[in-house]
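Chemist: Given next are the chains, with one letter for each unit.
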Amino acid sequence: MLSQESLQQIDREIAKYPPDQKQSAVMSALRIAQVEKGWLPKEVIEFVADYLGMPAIAAYEVASFYNMYDLEPVGRHKITVCTNLPCALSGGVHAADYLKEKLGIDFNETTPDGKFTLKEGECMGACGDAPVLLVNNHHMCSWMTKEKIDQILAELEDK
Amino acid sequence: MSGSGLILAGVDGDRTWGLQDYVARGGYSALRKIISEKIPPETIIAELKASSLRGRGGAGFPTGLKWSFMPRSFPGAKYLACNSDEGEPGTFKDRDILRYNPHTVIEGMTIAAYAMGCERGYNYIHGEIFDVYERFEAALAEARAAGLLGQSILGSDFSFELFAHHGYGAYICGEETALLESIEGKKGQPRFKPPFPASYGLYGKPTTINNTETFASVPFIINMGGEAFLNLGKPNNGGTKLFSVSGHVNRPGNYEIAMGTPFAELLEMAGGMRGGRKLKAVIPGGSSAPVLPGNVMMDCTMDYDSISKAGSMLGSGAVIVMDETTCMVKALERLSYFYFEESCGQCTPCREGTGWLYRVVHRIENGLGRKEDLDLLNSVTGNIMGRTICALGDAASMPVQSFIKHFGSEFEYHIENKKCLVPPEVQYEGSQIYVRP
Amino acid sequence: MLEIEIDGKQVTVEDGSTIMDAATKIGAFVPHFCYHKKLSIAASCRMCLVQVEKAPKPLPACATPVTNGMKVWTRSEQAVKAQKGVMEFLLINHPLDCPICDQGGECQLQDLAVGYGGSQSRYEEEKRVVFNKNLGPLVSTDMTRCINCTRCVRFTTEIAGQMELGQAFRGEHAEIMPFVEKTVDSELSGNIIDLCPVGALTSKPFRFSARTWELARRRSVSPHDSLGSNLIVQVKHDVVKRVLPFENEDINECWLSDKDRFSYEGLNSEDRLTVPMLKQDGVWKETDWQTALEFAANGLRKTAKQNGPDSIGALASPHATIEELYLLQKFTRAIGSDSVDFRLRQSDFRADGFREGAPWLGMPISEVASLNRLFVIGSFLRKDSPLLAQRVRQAAKRGLHVSAINASAEEWLLPVKNRVLTAPSAIVPVLLQVVAALAAEKGVNAAEHLGAAIPATVSDEARAIAQSLASGRKVAVWVGNLAVQSEYASEIQQLAEEIARLTGGVFGVIGEAANSVGGYLAKAVPLVGGLNARQMLEQPRKAYLLLNAEPDLDFANPALAQTVLGAAPLVIALSAFKSPSLLAAADVLLPIAPFTETSGTFVNCEGRAQNFNAVARPLGDTRPGWKVLRVLGNLLEFEGFDQNDSEAVAAEALAEGSRPDLGNRLYGLEFKFAGQTAAGFERVSDVSIYAADPLVRRATSLQKTRDAKAPVACASTATLAAIGVASGARVRLKQGQGAAEVLIVADDSVAANCVRVAAANAATAALGAMCGEISVERV
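Protein sequences appear in the order of chains A, B and C.
All letters in the first sequence, in the order written, are residues 1003 to 1161 by the numbering used here.
All letters in the second sequence, in the order written, are residues 100 to 536 by the numbering used here.
All letters in the third sequence, in the order written, are residues 194 to 972 by the numbering used here.
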């Protein structure tokens, strides 16, 4: 179900916790699984639950509670824009509008070519850098201007 | 990067986060001193108390007192947790501490573990700043390799294992018991207290949780002494503190200043109002703190007591500055959506009430408000506040109450005229993408 | 002890009590939804907020610990304002569909809304809609009504032992669900219906069939497993519509197994026998009672006369009542035959004549909570005794160490510290090792009669069990259904007794049915040289009385039972149901009442006699079984068949002095273990949870559960490889003359070289004994 590399990464996470607390690694394990698979189909969640010896529904609770997990397929690149108040005051909404226009999609939509999904995010703890976007959950882009957005989209287009 | 104060003193952006630079700035001297001089844990806690360091996460609880609650002699595992789940709109200080000076957090936690007899700790890092999580992991590896962390620290019989745990998109995990649930691999739903974490924490064991900045302050307190730290600030409000300034200012960012510094000075440090526009309102302590009108704020100093006297909270030190182009209804609508979106769903008043609040504010913003809506909002918030398991209910309610209290006429205008007092084009222009000079 | 004042009343409570505990003690009702005395505290519904002196805000009574001198007001202005505030939040997204909701009339939300809800809603936004979930054939969902109290989630996790439900998503989008597309398969699942304070989880079989206020509520006792759960049977127009638990802390607490709860559907089965029937020239005809009874009486009279009374035997179900069993044996003995038995699935009767008394649990059920060591021998504990297993589960959380030996490692959903998985024939050798290790551990000798059998060497797993038991303060050794039904039942019981003796613990027999103890007390066993259940089939009789038993499904050896009964010149069957095998074997069918249509008594595993009344009128011409037997006695002009009511029968049956005592010890039985390893494979039989008795077999919803659809045959991966078939393959099973073709599935919880074959199953009814050698061939 998951690659050897992913399993090794999960094992490293498990080792952070007391031996009888493997479930603690579920957030990392789901994250690792999502990086490999692009999103979290139920089979993958069940696999992770089994791997950690926890009930499948408990893993599903986690996967559905934290909003960076994707329970539905997303485009190859997921772009999340923070539009919360501090960001909005410094152009967060404008940046989102620009992305919508460039990609021709609204929030929670994917471009027809399957390359981009746009999401509205909540506070990322980087309000001083507004506007900020998160690319594929793990890469934060600060002080976004239209030019920088163009540049990022161009880079991602080729990946 | 400002590079002044204590925690951020001498740091130079992304270039100086490593162990070598930290040691060059005097890092790990506090830990070395404690270990080599075999300073008793009680002495450390006494220094903390003398420093008057108060929790930097938002609640402002005296740190020394919190540490003294840990049953040091309790047999079996005891845990330490660092709350770096910074997701309160307006707050972004812990991210800078972790990415620019991670070792001060590691050193602070190690000292805390020593003082409280904890064998293991976790730093819970906000999921959205995943690059910072990776950097913290790298810093941990450096510290372990240098014998500053892990088994037999600096050759002593003191051992402490510290790991990073990341969130993945849930504001509520900044609540300390939700954070513990999350480390346990569960949904981040807060626990009812009592029991408090000091007796029943992570995996049911005694646990102390502090904010990143709180831990980061510890080495400095040990090095300079509690009293000297206190004297940096003002009585009951010891030390320096990072303030995250965002919104309509020229230089949004973190500013580490002495507690008690006038707000006007902080605003000045942040480059003053963007475009020279007029200050309208400030949320002084993160989105959960009541909003204050600009003129009230201009008379405040940045410390727990002054802000509290003005009717708000210093909270996490997140200062959201709004100028005259801001529509207060729209601002509240966005915040209310946030709390609606982030409610964990566990207890009734918050699960049901946050959605209700958001929908009513949304209606008003969209010209569908009714006369009785403001009374309704006040009544509903009254039914949420103080009735929930954790503070999110209060956090969702206080903005609503304070926005209506201070800017009620703007809400009434919306309801009566089905449009904004501030013309939409003015609002839109005022919140353009801000390009730094 | 702590002093607390609630609403002006002083009360003293134990340390660690909550305000809710204290309020309950003085009878002050604090409204609540998520709180339940048997579940962990969630403190999430917030309905139980009360005012506490010096507390700045109202506190949840369920979770707030009492401190000494605390003053609490549950109905003060502050408290009621908070409670009403919470009620409003609960109602804003709750649909106003009470008129079409099955919970109507028994809904906690509805009840409390009367006291705490507003008459009009201030909520004018759109209401939440939540999609329903398919939880399986027993529990119906209307998730929009859910108030997220999480009682059901906590029940599956804490009581049933497996988290089958969770609260997914968050905030207003939070919803209770099983894992994607899974169902709730616990054998205790129906309890979530009772726990649900609203109409989100309701009974699927009961759905839309009646309103609670239309139903008469009558007490009864479950006729299924040996626990004897107390029931409230709800009846409308003499039809049982629903079964709920009657709370009895000593027995079922506030729970019911799904078998107890949903088996009532079988009462209304089309198979119900409602008029007496006679087979004439191979053709079944309905008849009247007079004709049928005279036929039976004359037949028996004639048989006794022609072949001697010994040629008559009586076989009864252990699910029959004390009254039925008692009159059956009395009647049989009045004819002059001692051949009567109710232990239809047993095959080893060597202990008969050496018993101290009726085999029982050896302890009150409620004392399971105080055990700290338990050794379970040959038991499918979780499926055979779901609520007993539940008690063990709770005790395990408090430190009970469980050890087990069986031929199948059934998942008990509780920690089993030591588990030995071995073929049925190897159970005795392992137990001997446990005895040896225990004797060494305790520095004493094993009992003399075991003498030479005690082995010199002991395996690690046997030693681990011995050490666990030796360190116990309060120990029990239980023998389960597989052990009792085994060919080595006598030795197993002798060794269990010895293990209990060496540990100073209790030796108990779990018992397979509602009257497994009662049958002995009613003397429905051979006492003076008569034949037991096995002998009655191995040495065919001329006439049989059959009480509530079906030849193909209720016997240890169904092939033999069908052949012998089919060939017997006279079979008189008293039964609530007709079935092909009964129609084939019997000559007269007498319709007798199931437990809901007669009064009666069951004696449960702890030896407690529980009597019950009929809750409905007998269906059609059905008569209570005890009355039928009494009339048969009258027709044959026997003495002592003039009881006016079932109470009189029970009083006679259970009269002190005349009935045997409870007791598990075996006196003077030689220990003669001649275990031999089977040349081929050994059969392991389980009686599937919903196949054990004629009533539950006809409960249609239970028959749709996963438990009912479990594979008929399984074996370990290694055994399948040895047979040379893949999992899911079709195989031919053979025992003696009998053969059956079934699918076999890999299951590594089955002991090596064993094949687990479901008994009481139509697919295997052609096979022979439940234990012993079996051959498996690929088809």
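These are calculated hints, taken from the structure and not from any lab test.
Be aware that a few hints might be false.
Stated by the list, open to error - Capping the alpha-carbon separation at 20 Å, the derived lysine to any residue pairs in SDA-like fashion look like this:
(1) C:K247 x B:G485
(2) B:K132 x B:E283
(3) B:K292 x C:L232
Chemist: None of the hints should be skipped; say for each whether it holds.
Modeler: Checked hints:
no., hint, in the structure
1, C:K247 x B:G485, "14 Å, holds"
2, B:K132 x B:E283, "34 Å, violated"
3, B:K292 x C:L232, "18 Å, holds"
Consistency with the previously given hints fails for number 2 only.
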